[in-house]
Structures are given as C-alpha cells and as structure tokens.
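Novice: This is what each chain is made of:
8 protein chains.
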Amino acid sequence: MSDPLADFADLDLGRQDRRGYPEAVYCAGKTPEQVRLIAEAVSGRPDVVTLFTRAGEEHAAAVLASLPDAAWDPEARLLAWPPTVPPSTGGLVLVLAAGTSDLPVAREAWLTARYLGREAELVVDVGVAGLHRVLGKLDLLRSARVVVVAAGMDGALPSVVAGLVRAPVVALPTSVGYGASFGGVAALLTMLNSCAPGVSVVNIDNGYGAGHLAAQIAEPA
Amino acid sequence: MSDPLADFADLDLGRQDRRGYPEAVYCAGKTPEQVRLIAEAVSGRPDVVTLFTRAGEEHAAAVLASLPDAAWDPEARLLAWPPTVPPSTGGLVLVLAAGTSDLPVAREAWLTARYLGREAELVVDVGVAGLHRVLGKLDLLRSARVVVVAAGMDGALPSVVAGLVRAPVVALPTSVGYGASFGGVAALLTMLNSCAPGVSVVNIDNGYGAGHLAAQIAEPA
Amino acid sequence: MSDPLADFADLDLGRQDRRGYPEAVYCAGKTPEQVRLIAEAVSGRPDVVTLFTRAGEEHAAAVLASLPDAAWDPEARLLAWPPTVPPSTGGLVLVLAAGTSDLPVAREAWLTARYLGREAELVVDVGVAGLHRVLGKLDLLRSARVVVVAAGMDGALPSVVAGLVRAPVVALPTSVGYGASFGGVAALLTMLNSCAPGVSVVNIDNGYGAGHLAAQIAEPA
Amino acid sequence: MSDPLADFADLDLGRQDRRGYPEAVYCAGKTPEQVRLIAEAVSGRPDVVTLFTRAGEEHAAAVLASLPDAAWDPEARLLAWPPTVPPSTGGLVLVLAAGTSDLPVAREAWLTARYLGREAELVVDVGVAGLHRVLGKLDLLRSARVVVVAAGMDGALPSVVAGLVRAPVVALPTSVGYGASFGGVAALLTMLNSCAPGVSVVNIDNGYGAGHLAAQIAEPA
Amino acid sequence: MSDPLADFADLDLGRQDRRGYPEAVYCAGKTPEQVRLIAEAVSGRPDVVTLFTRAGEEHAAAVLASLPDAAWDPEARLLAWPPTVPPSTGGLVLVLAAGTSDLPVAREAWLTARYLGREAELVVDVGVAGLHRVLGKLDLLRSARVVVVAAGMDGALPSVVAGLVRAPVVALPTSVGYGASFGGVAALLTMLNSCAPGVSVVNIDNGYGAGHLAAQIAEPA
Amino acid sequence: MSDPLADFADLDLGRQDRRGYPEAVYCAGKTPEQVRLIAEAVSGRPDVVTLFTRAGEEHAAAVLASLPDAAWDPEARLLAWPPTVPPSTGGLVLVLAAGTSDLPVAREAWLTARYLGREAELVVDVGVAGLHRVLGKLDLLRSARVVVVAAGMDGALPSVVAGLVRAPVVALPTSVGYGASFGGVAALLTMLNSCAPGVSVVNIDNGYGAGHLAAQIAEPA
Amino acid sequence: MSDPLADFADLDLGRQDRRGYPEAVYCAGKTPEQVRLIAEAVSGRPDVVTLFTRAGEEHAAAVLASLPDAAWDPEARLLAWPPTVPPSTGGLVLVLAAGTSDLPVAREAWLTARYLGREAELVVDVGVAGLHRVLGKLDLLRSARVVVVAAGMDGALPSVVAGLVRAPVVALPTSVGYGASFGGVAALLTMLNSCAPGVSVVNIDNGYGAGHLAAQIAEPA
Amino acid sequence: MSDPLADFADLDLGRQDRRGYPEAVYCAGKTPEQVRLIAEAVSGRPDVVTLFTRAGEEHAAAVLASLPDAAWDPEARLLAWPPTVPPSTGGLVLVLAAGTSDLPVAREAWLTARYLGREAELVVDVGVAGLHRVLGKLDLLRSARVVVVAAGMDGALPSVVAGLVRAPVVALPTSVGYGASFGGVAALLTMLNSCAPGVSVVNIDNGYGAGHLAAQIAEPA
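Chains as they are written, first to last, in my numbering: chain Z, 14 to 234; chain U, 14 to 234; chain L, 14 to 234; chain V, 14 to 234; chain P, 14 to 234; chain F, 14 to 234; chain H, 14 to 234; chain S, 14 to 234.
Chain Z on its own, in the form it takes in the complex:
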C-alpha cells in the first residue's frame, strides 16, 4: 500500500553482486508509470548500472522524469543510468549488422556490451550478397574476442563469419524481412543450423541478450 512499487515489481538490486551483472528493466510490457517508479527506485543506487530496454517514447519520457541525466538512444530503444560508459576491460566485442535495417538491434547489442564494461565496435552493411565487404574486414574480425552478428532475411552471415574466425559467434536474428521470413524465424533457423561450428543463437531481435552474453564471453581472465 505504502509502496506502490511492491504491487508490481520486486527489484533485484543484488544481482550485480550475485552474478556480476546488473538486472535490466524490460519496458515493453510495463506502463510508463511502472517504469517511472522503477527509475525512481534505482535513482538512489548510482553504483549499479541500470539499462532500460525496449523503451518506447513514453517509457523514455518516464525514465527521464526520474533520471534526467540518463543516456537515451532512441534507435536502440535503450536508456542507461548512470549515463557514462564505464571504463572497458576484457577483450573486444565486435558487432556486425548485415544490412541497414538490422542496425537498431545491432546497436542495442553494441551499447549493452559497452555499458557492461567491454570495448565494442559496430560494423554495418556487410551482407553475404557482397562478400568482398566481409572479406575486407578480416583483420578486424580476427582481432575480436567474440563477434555478434545481427542479420535478418536469410540469416546467412553468421555461418560465413564463423568459418573465418577463431572467436565464438553470437548469432542475433532480426525480424527484418517479409513473407517467408516469418518475422525472423527463417534467420533464426538458418543460424541454429549453421554448418560452421562456433555459433550459438539468441532470440529474434534480442540485442540486449546478445550484448550481455558477449560481455560475459569477453570478460577479462
């Protein structure tokens, strides 16, 4: 009663200590008011990085009402607080976007990895229809500790990349496409059936999950 937050959420602010990574706030199924109350609750904990994912315009406004200095990336639908990217440790996280339309999801992965403490780079428009574009990035590809590959449509890029590098590949299917792409299912299946080993897959459009996992893989020893 006295704590309206308790009516709908039980924040896990100890997760950073328990697991090494903080809990994120998935906005999509929450009302702006619920998001605002959570933002208020975390405002007293600047020691924990809080990411607000899948935030629409109204969610963003709600977060900014409580945390005016939060960083907001509308394309990736992500807010972060505190807003400063922490110093990076561990190996390089490289994020590839097969096409322009895969960019919002790729960007969510890239920002997540950076806010979780890794150095990260983002490369765009390297689809397999123009193979010279991938092959021209071989040195960069081979310098990464982990490669996140975002692709929709045929989802063929992770197989090609995994055949070229030593690092694990986190395949990130996107819902880009139409018809028999089934909202990303075609790309998802392609990635699950990669003929190259070293590929694992996250949910369709799950840029946050891909970036989080990449940060874990690229942890310093």
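In short, the hints are calculated from the structure, not lab data.
Quick caveat, the model's predicted, so the values are computed rather than measured.
We treat Cβ as the ideally placed atom computed from N, Cα and C, and that holds for glycine.
All the given hints hold, so there is nothing to weed out.
Covered stretches of chain S (in silico footprint by chain U; criterion: 3 or more residues with CB under 8 Å from a CB of chain U, positions within the stretch not fixed):
id, segment
1, 23–31
2, 41–48
3, 187–198
4, 212–223
Chain S is nowhere near these chain F residues, computed Cβ spacing over 10 Å in every case:
id, residue
5, R28
6, R31
7, E53
8, G57
9, P59
10, E70
11, A84
Please arrange chains U, L, V, P, F, H and S on chain Z, whose structure you already have, making use of the hints.
Specialist: Below, chains U, L, V, P, F, H and S without anything else, positioned relative to chain Z:
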C-alpha cells in the same frame, strides 16, 4: 480390363511434342508392378527419353525387367531409357553440392539436366564454412548459364553464390541436417529469403525438378 | 561523421560490373532520411539503374527530394532512376496475375524486368476458376522465354501454366487471401509442390526478385 | 467380465436408424483381437452394413476369422460385410484420383460410397500437369451429383474441377508427396484456399469420410 | 486504355450459364475504385445475381454509388444486386452459429444461400458448453438438407451435430478466439479431425464459400 | 423481433444450478450494444454473479450503462456484478505472476477466483532468474490448495513451483515476450512439457479460465 | 565408480516427504540396464510407491529382474512396486476414454491415480459422435471429484463433459488420429480452446501426468 | 578418378591453422565407405585431432578399419583420433545433463570440449523438478568459465542456472520428450526465451556444437 495400365495411369507420351520435355515417372508412390507396366508401355517409344525418379531397389528391378539396358544410378535413385545421354546443346548447367550428404540429390539434378540435353558439371563439398573452396571455383561458376546449388542445414550457399555470378541460381534445399533443420525446411526458408537477388527455389530434395528447370533455363536460343 | 551514409550503409555500386545487374535499395526497413541519403549518393551515377523497392509514401517523397525526375509507380511501390526504361534485349518476360488483388506484386515484377532491360508483358485475372481465360492466352504464353505467375489463395495457376508451356515458370506467391492462406504460405507450398516440372518459387510478395530472375533467364545469348 | 467387448467398445448399432448410415470400425488403433471381437458382435446383424477401415493384413485376417465371406480390398485397406454392394439409389458419385499414387485413398472413397448405396465411378491420372486429361472428361464430370477429388502434392485439381462443374466438390488431400508437402498439408491448404467456390475439404487420406459425405450429398430426394 | 476495367479484371459473367452459379466479387484486395468499376459493369446485367463479399465501408459506398438499390448487410460485409432475394427452391439450408461472435460469418453463409436460391434459417448461440441448447433444436436440425455449422474456439459443435443428423454438415471455422486458437486454426483442425463422419470443412471465416456449397448440396433434384 | 437479445444470444442463467458456477460473458467478439443488452438482461438476476471478461473501454461503458454499480478492474479487463466479493469458502487459491508484464492476466485469475467464492492471494515478480524470490515464499506456496502460475517468455516458473509444493499447479501462459515466444506459444509448450508432475495448462492469457478452474479445485469438501 | 547408478541418475527418494507424492521413473529414454539399476536401488524402499512409466517389453523385463513381484500392465506400459494398490482416500477420480484407441493412455491415468491413493473408475467409448453414450453416464459423471477425459482426433469430448459437470476436467489429448491430427496436436488445441470453463490440459499421451494431477485434485481435505 | 575421396569430399585440413580448431567429420549423411576413405586420408595427419560425430555402429567400424586405435564412445556416437585427450588449457567447461535421457548428448559436448583442449566436468540428473540438486552444486557451477546445460522436455534448467552464475550458459536442447515436445522444439523455444540473460542456444541434440563453442569461450587469454 484388357489394359491393366489403364487402371492406374494415363501416360502422357505427347508431352515431348507439346512442351519440349518428356514426362517422367515418379516411382515413390507406385508399386513395382505398376512401374513395370509403365516401363513396358514406353519400351515401344525409344524416341522419347523416359526418366524413372525416386526408384528404390525394387522399382529399379521392375524397370530393368522390361528395359534391361536402362541406365541406373542407385545413388540418385534414377533410371533412364534409352540409356545413352543425348548430345548436349545450350549453355552449361553447373550443379554444386554444399556437402557430401547433399550428393545424391545434386546427382539427380545433374543427371536430369544431362538426359534432357544439356552439358552439365557437378562440384562437391563447397560449403560456406570453408569459403576458400567456393572462391576457388569462381571461373567455373562464372562460365555457367545457370547454377543449381544443393544444400541442407543452414542452406546458406545459394545466397553466397548468387552474389558472385551473373547467372540465375536454382536453389535446391536438401533434407540433410537434424533438429531444427526440420527435414530441410530451415534450408528452404533460408533460400526463399536470400538477400541476393537471382535465386529461386524448388522443393526439398527435388533434384529432378532442379535439373529439369536448369535445362529449360539453359536452352539454346 | 563527415559521411552520414557510412553510418548505416556501404553502397555496392560496382555490382553492375561484377554481376551484370545493379544493386536495388530495399526501403522497407530504412528511415526516409536514410533513403534520401542513398538517393543523393546515387544521383552522381546515372550510368547505373537504381530501383527503390517497397517504398511507402514517405520513402517516395525522400527519393524524389534527391532525384526529382525519378519514375514512381505507387501501386508497385517502386521508384526507378534514371526514369527511362532502357532498350530491351533478350527474350520476352510474361507476367501473369491470377486475380486483381495480385496486381501490385505482379506489377513490381513486370517493371523490374523492364528496367533491367527486357521486353515484358502483363496479363491480369487469369485464375484457374475460369480456365477458359488461361487457355485463351495460349499463343502469348508460348511466345515467352520465361513466365512469371503471381497468385495468392490456392496458388494453383503456376502448375496449370507449367503444364502448357515449354518456358520456365517463376512462381510468385502473394499474400492475397485469408484464414488458412497464412499470408501467402498456402500458395507458396502449392507452388513448391507443383506436380508439373519447370516451376521454381520466390518469396511471398517478392515481385522484385521474380522480375530480376526473369530478366536473368531471358538474357540474350 | 463375461463380455470382453465391453472392456474396450460400446457398439452403436442403432446409428443406421438414428442417422441413416451405419457406424464404421476404424481399425488403425485397435488390436487384431479387438477387431475380431467386434466382427463377431456384428455377425448377428446382417441388416446393417459394417465397414472396417484402415485395416492392415492382421486386422483383415481377424475380420475374416469371424466373417469369412466379408469383402476385402487390400489396396483400400477396407473390408465390408455383408459383402454384396447394395442396390444404388440417388445421384452419381464421381471419384477422381489426380495421380496413380492417390489411388488407394480414392478407392476407399469410391468403395465407401458404393457400400452406402450410391452409384459411383472412379477415374485415375487426371492431374493438372496434363490439362487435356481433365478436359477430356467434361461430360462425365458434369453428369455427377457430387465429385470427390483426391490429390496430393500441389492439390490443385479440386480448384480446376470446381471451376468446370455445377456439382459440389469434396476435396480429398492425400499424403502423396515429399519435402514441403508435409505429408499432405500442402495439398490440404491448397484445397482450403480454393479460388473456386463449391469446394469443401476432409482430412488428409480420409477416403472413408469423403465417400461417406458424397453418399449423403447424392442422396435421393 | 479505353476500358479501365480491363486493366485489372476480366469479369466472368458467363459463369451462371456454365456452372449454374454466378461469380462473386471478393472486395478485400481491391481498391474502392476497382469495386466501383465492377459494380458499374454488372449494372447492365440484372439477370445475374452479383454478390460483393468482404466489403468494408468504403467498398460498400463504391458499390452503392453505381448500384444505389443494392442490398447491404454491414455485419456480414455483403452486398447483393439485384437486391431482392430470389424465390427459393430445393432443400432447407440450416446455419448454426456456436456463439454470438460467430454471427457475422454465419450470417454471410445464410445470406449467400438465400441469394443463390435456397430457403435458409439461422440459429445462434448453440455452443457445446450448454448442450441442452443444441438438443432442444433436434427437430429443426433433422429437417435440413444440409447444416452449416460456424464455430470458433474449440470448434467442437460440428462433430456433435454430425452425430445427430442424417444431412451433410459443412463445418465453418471462425477466427473467434485468442491465444492457441491461432486465428481459427484450432477450430479448423478440430473440424478436419471430426470423429463423426459427414463433415467437410471450408476455410476460416469463409461464410460465402459455406453458403455457396450448401446451396449446391441442397439443390432441387 | 420483440427481443433483440434473442437475435444474437441465448443466456444460460441456469448454469449456476446445473454446474455450480455461473456463465461468464466473453466481451471480445461482441459489440458494445450486444454487451449492453446482456447486462440489462442479467440486471434482474442479482442471485447470479455475472463476470464480463476481456472488456475494453467501450464494453465497460456499456456494462456500466445498465449496471452502474458493477465492479470494474481495467487492468484485468473484468467487470463483476453484483460488485461485492462473496464470502469465501474452500481452500486458498494462490496466484503467482512471474513478471510485472504478466500482472493483468494474473489479476484476472485472482479476481475470478475471488468472485467465484474462494480466498485468493496474488504474488508478483517471482521469476526464475532470481530464484531466491520464489524460495522466499515457500511457506505461502505450501499453504495453498492450488497454485496458479502466470508466466510468459520461457514459462519456466510452473515447473519450478510444482517441484516444491504438494498442491496442483494451474499453469497460465501469457503472451508476454517477443520473437520466438510466438505470442505465448513458447511458454505454453514449456508448461505442457513440464518435467515436474502436477501441472496442467490453460490457454494463453486465459486468466478467467485459470481462476475458474482453481476455484473448482479449491472447493470445500 | 563404485556406484554405477550415480553415473546417470540421482534418485529423489525424499520427494514423497517433500511433496506428498513419490518420484516416478520415466523409462522411455533410459536403457534397460539403467532401469534395472534403478529398480534395484528402490528395492530397499517398500515404503515408497515407485511407478515405472512408458516401459517397453525390455524395460519391464529389467524391472522384474530386480523386483519380481512388481505389478505390470503392458497396455498402459506401467509397472508399480510394491504391487498392491494402496487403500483409497479422497474423492472419486473418473477417467473417460473417448474411443477404444485412447484406452492405453486412459488406463495409464487410471492406474496412476489408484497407485497414488485414490478411488478411480474407467469408462470407455463415449465419444461425441454418439452423444447418448455420454448422456447415459450423467450420474456417474456428477459423482466424481475430478474427471480425466482422454480423447484423440477432434478432442471434443472434454468441452462437452465440462459443460455437464461441476468438477474440474483434466483434458488428456492422445495421439490417436491421422493426417491433420498431427499426432495429437489437433486434440490438444481443441482442449486448450475449450469454450466450457473448468478444463485444463496435459501433454499429449501423458496419462501418468493426468492421473497424478487428478490424484492431487481429489486429495482428502 | 584416381582419388575416390575427391568424388564426394574436399577435406579442410588447414582449418586448424586458419581457425584454431580442426574440422570434424559429420557421419550421419555419409556411407560407411565414405567415412572409411576420410579416416584413411586423415591417418597421415596425427598433428590434427579429428572427431567423427554422429557415428553409428557401421560408421564406427569403418573408422576403426582405417584408424584401429581411435577412441570410440558409443553412447556419444563419437570417435576421436589420435585417441589421447590433449593437455587442457583455459577455463573449466561444466556440462550439466538435466535428466538421464539427456546424457548421450551431454556426453558428446563433454568429450568434444576435452578433445579440443579444455578441462571439462559432467554432472547428471539435476533437473528443476528437484531444485535442491542444482542448488547443491552451486560452488562447482560458480567455478566454471562456461556452463553447457543439456535439457529436453520443458528445457527450463538453463534459465535457472543462468540466474545463479556469472559465466555464460550454452543451452543445449535435446529431443528427449514426447507429444508437444516436438522432438526438442519445446525445449529449444524455452531456451531462446530465457528470462535470464547470458543464455545462447545451439541446435537440438547438437552436443558437438555446444562442446566446440564452450571450448572457444573457455580459451586461455
């Protein structure tokens, strides 16, 4: 009554004249005895090439009982009569098999194209996990009038090939794989969603259809 | 920074030389601003035909802002620049639309083939429920080097056409229908399972892909 | 205890009176011993026609042990007792099989209609890839009160037939095909989405159901 | 050019003579302007009943612009012209709606049967959760020549009805439901797997098809 | 005519006597006017609790027009009349919501159980990613006669809960999630395949059904 | 090393105390040797009822090698040890099998409920195609504390039963059927979408789970 | 001709140098004779570890014919040559098998990780139905650099584990289950939708892929 063939089939021996290509006999759903009666019926028409597709051991024996000199390729499950490959006309049909397990289906496509009057070549084990294998065949790829690409699992090879050549690509998904390959559905979807234009798709394991279509595309002007 | 285009795209203007056909710009997943920047970038290359596909009203406005004389077909959601259809070479591309509702997709195929340099004709409302309509076009059908058949609902027309002509058939399923048509999946499956050989299939509503492929098949020798 | 039949079945011998058509015995999920006990139980009721459907070799032997004069059609996997086809009343039931492989299912429909009291004819190998074969049967088609059309693969025949006749069409998808036919699902979907009105659909391979329904439709006034 | 209708449609006004039933105009995929032109074209043929199905508000306005006296049923999204229901012949078509939400589709079936010349009755809210409601209509049910049963959710009503009557049952799945009803697929599957013989199925929400088929089944001898 | 309600509904007000629980009014497929007429009809029967489920804003207004004192919970989209929760009998119904986004559905279950006469408690945000939150509620969990567990995404919570308690678990999948959650299908499948016995499943987002069933399970002896 | 059981299993013999019901041994994925070792391990614990489910002939032999007096029901593929059914407490569990083919699964549910301490009855062949058979059992149906309804094909029986009784219904879909029954999926969906409240569903063919849940629901107060 | 291996395969023995990990031989789609020829070919390269995966009895015999000292694990269907496990470097790979039936796949992952140079441990029967079994291994879980979690049925274990550890989790769905587990699809979907971050997924039963990826993740810095 007097014609047991009429009880189950009505052969279309005029198809060669009407459409330019003969009717094939799909054995999979027929009894060996039915196949034997058809073989007997075509034995009087050496002017028409008859292909018996998806022929198991017993189907093959039934064909050979009526047409002892028929050519039989057990791996492709194909019989042809008359057995001699006709002289080739038109452009080159190139058939790629992504992996060893795709070979039976690729071979069915290759033999079909040859029996329908085209020059055809077969290249094996050029999957995208070892891209140097595809790139090493660029000259051959670019000399073809049409490329048939057989692949299971992730089915990524047609996208890569179509990005490299001017010729149309007939994508031939195979049922090679397991788990979420769903008997070739994953490869089929990949191919339907190819990010490279110039790709069209036939049914899973339909080597005959791919070879037939390739022969039509590579027809002489 | 200095090149905002590089933040989201890496144009492949050499594709015409490498593959014989230019890259198209798929607008659906791009912002109007991204499309405008691409239109600006290609404005210096009138030697390459650029097609903008799946362009909504706002995408079209963005293209026309940079390329005011571009040709725009709102029904097909296609823009072309330079706007003049090039002189045609090669064989005839015939595009059939089974019903009125299949027309936008059929039109996209027809325009694509024409802008890629082929003679092309478009015939509408020839569904199998009134077979006399197809049979009345037999001479035209048999004069084509390739036939694109757009159909939704039962998707039965390509099977019927392929049984009547010598030319390859590019089956183009559309999302026309309701209920168990599953947005074009029923038509797609019908076409993949065609009992007539000589049929291959592109993605649902992929008029661009069908037209491109048809242009390749009908290339001059 | 004293009645072993009661442990697994409760025969509905009054169905003929209640609904005008007798209950059939679906053998597929029953043990031969269970089928034998049912055959024994109906042996005292020659006034009711009993059909045993989906009967394998062992089921047939079990029926014949109790009803030695039962009629058995192994291809249709059907037994009937009493074995004599009753005199026919009502309109003509016409059963079409698109291909040879659809014959067992078509035959089950044809026999069912006859044992339920209708005149019925069976025509085979009239697939849409050779349209002249259908068109050559127009008079017969137009003389029927109802047409059952069995087809696998693309399942396109019912749409074509329904566009040619006044009678209702019972579409009977079969599991004939491979790959993306998904055991008859492709044909089923084609039929559900028929662009010609006058088509309804029964379950895949449900020859009994199609024949039963046709008998009801063709009932005498 | 001079005939704008020819650009998108080829009306089949001879269908009434050829098949006994007129062609209907499926509005869903057409623009209001296209529908208006068709309405104009049929305005000279009052001898043929024309039904406009799946007509939204704008489609209806377009029809009424050309045919001001057309009958319009907004709930069924159906227009008919000429507006008068023709005199009925043949047997009774009975249409059941399992629940209130199934009413629009059931109504489309009921009106179609009436405009195609049959006597038809409509009964609502007879779902299986209250079996007494079905059982209370037994006499009416048994007086019908054919029963159309519209149901969404579990789609169980056709099985129950078919076990009670001698007449054929046309099962009409609706998209009523949520979650695992998958837009009517659950009801469709239930109906295809009916344990009672005498049931066939049309597409989800296809009230027009069900009514048309019922009219054919109930034709006078 | 004189009773507009009879045109679309046949209320089952005797269900309370026949089955012990009243009929609910599913608003989603009804017009506000239809809902209003039903509300009017039940206004004379305060002895029966009527729940209006899946009521949008307009449905709610329609109910309140006829039953101004009805209780309305907009989050659960539920109205109840008479508005007072009846005295509770039987065992405790415990409703868990795995995450904040599952709350509307969980709330529908919780309110339903209470209006059907059970004591019920609602606990929120106890997902398996923070297992300590579930384990901290063990005493409450073990005091329940039945536990309803609402979860989307991976739907893993019911398996975990069922391994901890003696009471039956009603698994309530929600459509919370994205991508390969397929609108709740992933959670539904998880729950159907629970490795812990004692779990049964209702339809996705079917809070009403879960609450109703829980009330039946927790009935007083 | 010294304990070969530990290489593949970690028995949970404390589950009876923790949850009130013992752990069962799912044989399907285990080797006979593994099952034998488990049987040996439980042989020292006659205080706990151990059920071996989905036991083939070889599994049964392996159990009987270690526990020669175990009770074995080959039709239900179930073994129980100690073999004596415990005295029953709580309410009546009623198990219905829609058809003969559903009997093995229904029997597994019935035996499970009895071995877990409930009184249970089994009724067979009460499918909805002959409604009089269900209606003839109304008194028995209404005396049960919980009803398990096993049905394949259309899976319509649980909806009908739930509309007739006050007790909760555990719907148990079976894989009985063919074609579009998809191995029980059609029945599963029907049950999930039941238009009658009071129905929840377990996995296809999960007789053990249904019986276990029913035992929990029918627990003494 | 002189090299029969070239007819079906093009070994990639340079992969170890190029990518750091050797190519494996997927036996499932190959004939024993093909496998034998490959084994012969690698016999001259003891510097490269060759794994033969998905090897049936006949495949194993074929490998052992050419490489008599190869190590063979029939349960995991894996052969390795040279047979000695190399010295381990990098972090600990921990492999969990939820149930006994998941053991073959888990074992394939465990052996793969070891042959690719990592320390690896295997823990069995830690399913979520008995949570104390997981919680009892917390120290071991938290000492791993990466955790592979093999689970079928509900596939809930990876979500639970990922909520407890800092290390990345490789979720490995298995085909263990029945009915609506759809051969592992249910578990796959659960894992893709994990509500705990840090989980990525490989194909169903892809123990080799999971072990390979885990080896990459646990590489020494």
